[in-house]
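From just these sequences and the hints, can you work out the full model?
Here the protein sequences come in this chain order: A and B. If you read the first sequence in this note's numbering, its first letter stands for residue 1, the second for the next number, and so on. If you read the second sequence in this note's numbering, its first letter stands for residue 1, the second for the next number, and so on.
A hint or two may mislead.
Treat identical chains as interchangeable: a pair holds within one or across any two.
Okay, derived cross-link-like pairs now, DSSO-like style, lysine-lysine, Cα gap no bigger than 30 Å in a straight line [stated by the list, open to error]:
hint: 1; residue 1: Lys-77; residue 2: Lys-89
hint: 2; residue 1: Lys-64; residue 2: Lys-21
hint: 3; residue 1: Lys-77; residue 2: Lys-66
hint: 4; residue 1: Lys-66; residue 2: Lys-21
hint: 5; residue 1: Lys-89; residue 2: Lys-21
hint: 6; residue 1: Lys-66; residue 2: Lys-89
hint: 7; residue 1: Lys-89; residue 2: Lys-64
hint: 8; residue 1: Lys-64; residue 2: Lys-77
Hints are computed from structural coordinates only; laboratory data are not their basis.
Protein chains: 2
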Amino acid sequence: MLKRGSRLDADFIREVSDVIKMLGHADRIRMVEYIREEERSVNQISDWCGLSQPVTSQHLRLMKDKGVLSCRREGTKMFYSLPNPLVHKMLDCLATTQEDMMRR
Amino acid sequence: MLKRGSRLDADFIREVSDVIKMLGHADRIRMVEYIREEERSVNQISDWCGLSQPVTSQHLRLMKDKGVLSCRREGTKMFYSLPNPLVHKMLDCLATTQEDMMRR
DNA sequence: CTTGAATATTGAAATATATCTATTTAACGA
DNA sequence: TCGTTAAATAGATATATTTCAATATTCAAG
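Structure (structure tokens):
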């Protein structure tokens, strides 16, 4: 279980800081948490999050651009999914942190 | 190992999104990574990161305000440390993600 | 080729962040 | 108290983010 000796590389930091920035927004956390369960259409997401369609679409585009999300078209619908491993891990962190806080 | 059934609470999300936002910045990731090893003075941090003293101080204040960092005065020096468990976990995520990327 | 449903884009306005220079505060020792 | 070192703050400017309303695009059905 290394801890020292594993310094983060400068390029890597630059890359992931963009991903992390995407999660620094309450609505987007809710989005990825919802999308994580299974792929979701824009309509599903905007309903679930209580956001307008354009705002939802905008967040989704940002997250897709930064590599947080992928998407797939099916007819007129666009389904977003969450293949990014870092984001999965971060969501796990959040879940366990919330658990820990409740326990104490 | 629960995964479903552990939905994130709205208040919790609002709280942690501020913490995560603080990590959505390359310089601040470098800072907390450095501070994590042991508590550090502002001068140490600004030297290490190659940032001006005011900019460093500003980042530190933000992170302290959001609960990412704590600090302690010793004479004219101010030492910052990293007690936040979520931030520790997130840094671990970054380290293991970098590891995984190198392995493949 | 027109229509309706789903999603995306645009441009403007409001707000928030980041960075710089200069100045200020705080603690300490002579 | 004065001078020095360390850190914080202020004010100005530049840049980025977020949101909204309106419009445009894409696809499938008929």
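Here is how each hint holds up against the structure:
Taking CA atoms no more than 30 Å apart as the test, Lys-77 paired with Lys-89 passes inside one copy only; the shortest distance there is 28 Å, against 36 Å between copies. Proximity of Lys-64 and Lys-21 under a CA criterion of 30 Å is satisfied in both settings, with 13 Å inside one chain copy and 18 Å between copies. Taking the closest pair of Cα atoms, Lys-77 and Lys-66 come within 30 Å of each other only inside a single copy of the chain (21 Å); across copies the shortest separation is 39 Å, beyond that limit. Within a single copy, Lys-66 and Lys-21 get their C-alpha atoms as close as 9 Å, and across copies as close as 15 Å, so both meet the 30 Å cut-off.
In the homo-oligomer, the alpha carbons of Lys-89 and Lys-21 lie at most 30 Å apart both inside one protomer (15 Å) and across protomers (17 Å), since each shortest distance falls under that limit. Proximity of Lys-66 to Lys-89 under the C-alpha cut-off of 30 Å is found in both arrangements, the shortest distances being 17 Å within a copy and 22 Å between copies. Taking CA atoms no more than 30 Å apart as the test, Lys-89 paired with Lys-64 passes in both settings, with 18 Å inside one copy and 25 Å between copies. In this assembly of identical chains, Lys-64 and Lys-77 lie within 30 Å of each other by CA distance solely inside one copy; the values are 16 Å within and 43 Å between copies.
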